[in-house]
Structure formats: structure tokens, C-alpha cells
Amino acid sequence: DAGITQSPRHKVTETGTPVTLRCHQTENHRYMYWYRQDPGHGLRLIHYSYGVKDTDKGEVSDGYSVSRSKTEDFLLTLESATSSQTSVYFCAISQGQLGNSPLHFGNGTRLTVT
Amino acid sequence: DQQVKQNSPSLSVQEGRISILNCDYTNSMFDYFLWYKKYPAEGPTFLISISSIKDKNEDGRFTVFLNKSAKHLSLHIVPSQPGDSAVYFCAASAVGDYKLSFGAGTTVTVRA
Numbered sequence: 009d010a011g012i013t014q015s016p017r018h019k020v021t022e023t024g025t026p027v028t029l030r031c032h033q034t035e036n037h038r039y040m041y042w043y044r045q046d047p048g049h050g051l052r053l054i055h056y057s058y059g060v061k062d063t064d065k066g067e068v069s070d071g072y073s074v075s076r077s078k079t080e081d082f083l084l085t086l087e088s089a090t091s092s093q094t095s096v097y098f099c100a101i102s103q104g105q106l107g108n109s110p111l112h113f114g115n116g117t118r119l120t121v122t
Numbered sequence: 468d469q470q471v472k473q474n475s476p477s478l479s480v481q482e483g484r485i486s487i488l489n490c491d492y493t494n495s496m497f498d499y500f501l502w503y504k505k506y507p508a509e510g511p512t513f514l515i516s517i518s519s520i521k522d523k524n525e526d527g528r529f530t531v532f533l534n535k536s537a538k539h540l541s542l543h544i545v546p547s548q549p550g551d552s553a554v555y556f557c558a559a560s561a562v563g564d565y566k567l568s569f570g571a572g573t574t575v576t577v578r579a
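As you go down the protein sequences, you meet chains A and B in turn. The first sequence stops at residue 122 when you use the numbering used here, and every number in between is there. The second sequence stops at residue 579 when you use the numbering used here, and every number in between is there.
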């Protein structure tokens, strides 16, 4: 797992509630990413970070925010969960430019919004 | 609009035969291509990659071919084994980019 821990592994929540997913790494990698996996769409990038307090949006960032106050932790927050955010969320890490350092993924968080 | 496309959602192959997975891309700035393998309830794991300066890369039973003019790449698995049954994702990144764009995935089932 390249030293990546996602928590929780499973969560069920109600529409309209805030939810925070956590990604913790022990590899001291600079880059961290949040992807969601949905049938027919593969993996889509939500947000990514290129350093402490440095983050940027991915292709499906609406309704999500992130924070990175320490190198090892990257938090994903659903500000007001909707049923369309039911998905499997994967955190990934990388050392640098992808030609030299492929992304390594955690085992995912399965989120169900009822 | 998906820039990386895997048009075959599934593939069934007999054990010992070749599996061929295909991937097309639309972004001409992509210069690095990867394949990931994913088992249920686990995260994707890196399998093999290829740079745009090459047209073939081989690692054991896995070979990736790149045709830049056609914006097409393929993954060959020879011989296919039951443990190869998984979802395979094609991914790509552009020069100097830190992000990967993924295809929708192809589910491979290897029959005994």
C-alpha cells in the first residue's frame, strides 16, 4: 500500500451532512491526490496537493474541498453530501513528475449518501 | 469530456491465451502512459508504463505498445493467468504535469 491509510474505509451518511475523509501517508511524498471511482467513468480527479497548504482543483471538484496542513495528511470534505457523491474515494501519493514516480493508491473509502 | 478512452468494458479470455486491452487518447500533449490493475476492495496498483519516445515496453508477461500517430496504446498479457482477472485502467499524463487522466477501465476475466 506504499504507506497510505484511508479512513474510514466505509461510511454511510445522510444527504446534507458534512463528511470528511482522511488520507495519511508515511512516505513523505510531496504530491497527494483524491480520486473518485464510478462505473463507466473510471477514476476522476477531485483535488490534488503539491505541498503543505498548496492545493488545486481536479476535473470534478464541485461540492468538495480539501486541506493539507501537514505533509502526511490530506483531508477531503464534502461540504453538504448529495446522493451523486456516493462513490468509492481513493487517495494517491507521488514523489514528483509522473514519468519518474507513478501514483500509489490507498485501498479506498466507500461512501454511501442516503 | 474523457481524454482517455477504453471502449471495451470487459474481456473474457481462456487461461494461457493472450489478453489484449486497448486504450485511445485525444490529448496530443500526453507523453507518458501507464496501466494500472485493480482487484475488488483494493486500490489500483501500477503495472507498466511507457514514454512517448518509445513504442514498446516489456515487463515479464506484460507488454505495452504505443502508436502515437493513432493516439492508441494497448496492453498485451501473455500468457493470461487466473490471477490476472481484475479491472485494468489506462492512464496518461502530459509533459510536466502532476496529474493522471484515467480511462473507464476494462474488466478482464481469465477462464480456466
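Because the hints were derived from the structure by calculation, they are not lab data. No residue lacks a Cβ here, since even glycine has one placed at the ideal position from N, Cα and C. A portion of the hints provided could be inaccurate.
What the hints assert, rightly or not - Chain A stretches covered by chain B per the calculated footprint, using a threshold of three residues with CB under 8 Å from any CB of chain B: (1) 19 to 26; (2) 52 to 58; (3) 73 to 80.
Unchecked claim - From the derived model, a few chain B residues whose C-beta atoms are all more than 10 Å from chain A: (4) Q469; (5) K535; (6) S560; (7) K566.
We went through each hint and held it up to the structure:
no. : hint     : result
1   : 19 to 26 : violated (count 0)
2   : 52 to 58 : holds (count 4)
3   : 73 to 80 : violated (count 0)
4   : Q469     : 8 Å, violated
5   : K535     : 16 Å, holds
6   : S560     : 4 Å, violated
7   : K566     : 6 Å, violated
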